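Trainee: Each chain, letter by letter, is given below.
6 protein chains.
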Amino acid sequence: MKLSARNQIKGTVIEVFKGQTIAHVRLDVGNGIIITSSITNEAVDDLALKRGDAAVAIIKASDVLIGK
Amino acid sequence: MKLSARNQIKGTVIEVFKGQTIAHVRLDVGNGIIITSSITNEAVDDLALKRGDAAVAIIKASDVLIGK
Amino acid sequence: MKLSARNQIKGTVIEVFKGQTIAHVRLDVGNGIIITSSITNEAVDDLALKRGDAAVAIIKASDVLIGK
Amino acid sequence: MKLSARNQIKGTVIEVFKGQTIAHVRLDVGNGIIITSSITNEAVDDLALKRGDAAVAIIKASDVLIGK
Amino acid sequence: MKLSARNQIKGTVIEVFKGQTIAHVRLDVGNGIIITSSITNEAVDDLALKRGDAAVAIIKASDVLIGK
Amino acid sequence: MKLSARNQIKGTVIEVFKGQTIAHVRLDVGNGIIITSSITNEAVDDLALKRGDAAVAIIKASDVLIGK
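Chains as they are written, first to last, in the numbering used here: chain A, 1253 to 1320; chain B, 1253 to 1320; chain C, 1253 to 1320; chain D, 1253 to 1320; chain E, 1253 to 1320; chain F, 1253 to 1320.
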């Protein structure tokens, strides 16, 4: 499946931390860039996300602010 | 000012394209990663964004999906 | 690829309307439910979206408000 | 009150699960479609959301990705 | 209808500007605070939004960043 | 740093409540308006957010719905 999201950045999961309903997942996408994502615990279980997994950070262009 | 957003990725503006109300801005953040942002034309003018500018892509963790 | 987004609703594209930078896409997901999406023109081109296509509306749980 | 959000989908609450700050609410909107929402615990209390309630999932068009 | 969104700020529409698909709407909410919203042209038509209207800016808590 | 976000509303932190992964922060921005934000616990720590701090609520125009 191809996605409309303009930003699809490949990386490696370096941390998965689950709270009661929301989890934080960290991806190392290279070049010293770490991307942090907040997703549901359920999504973590559904994707069986764990440290070391190859994964993709997907971000809609309308969710990116610019600072200068 | 320090921001709560967990993702603040430095790069260089490689393209600014304005529509009638919404513009697309593309940042090269290194490692072959290009980040696309949709912001208002007004924001482009306000920040005087142009090709070659150093800029930062700012993304809230709750706006990042994970694919695996 | 499996996605973290909790809402992935299958349907049929019934309309694609492109502006200068942002397009509107409408999916019929059955049961009288039409889902409207705003995505970049570029995404429309990239996915070659057109009336009649099978497609999926993907929505992060954190982007759903509840009214009662 | 009329809302600008292009997606307002009526359904029935089938689950409310509260974490420490964020809750997950699931709506059955018919046709086998379940919509999951993450909202604050406070919102759950404010709306007195509970299983069996008629409710509406409200989603801004700019928050809908398309997959094909 | 009561909404889960934690931020519902009453104001007066001071500007409506339509592009080809996306419009910008500005609300004066008092205290010198102007809130800008990007919504679909269709939503502007559907709500018949015009300068002088009483309206409400509705923002999900998960869409608010904090700067300090 | 200047931000593309059209809404940057100054206020005072009146409450910080941390869950396991997500915190709620409330800002009094004057005129009887309280803005609630959900951010990561990590962001709260990073900004050392506490009651009484001067802070700014930052909201992208595309994340603002209008009700009328």
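Hints may be right or wrong, so weigh each one.
Chain copies aren't distinguished; within one or between two, either way the pair holds.
Straight-line C-alpha distance at most 20 Å; calculated DMTMM-like pairs for lysine to aspartate or glutamate [what the hints assert, rightly or not]:
id, residue 1, residue 2
1, Lys1262, Asp1280
2, Lys1270, Asp1305
3, Lys1320, Asp1297
4, Lys1320, Asp1280
5, Lys1302, Asp1280
6, Lys1320, Glu1267
7, Lys1320, Asp1298
8, Lys1270, Asp1280
9, Lys1254, Asp1297
10, Lys1270, Glu1294
11, Lys1262, Asp1305
12, Lys1270, Asp1297
Just so you know, these hints were derived from the structure itself, not from any lab. Keep in mind that this is a model prediction, so the values were computed, not measured.
Trainee: Of all the hints numbered above, which does this structure not satisfy? Sort the numbers upward.
Mentor: When the structure is compared with the hints, none of them turns out to be violated.
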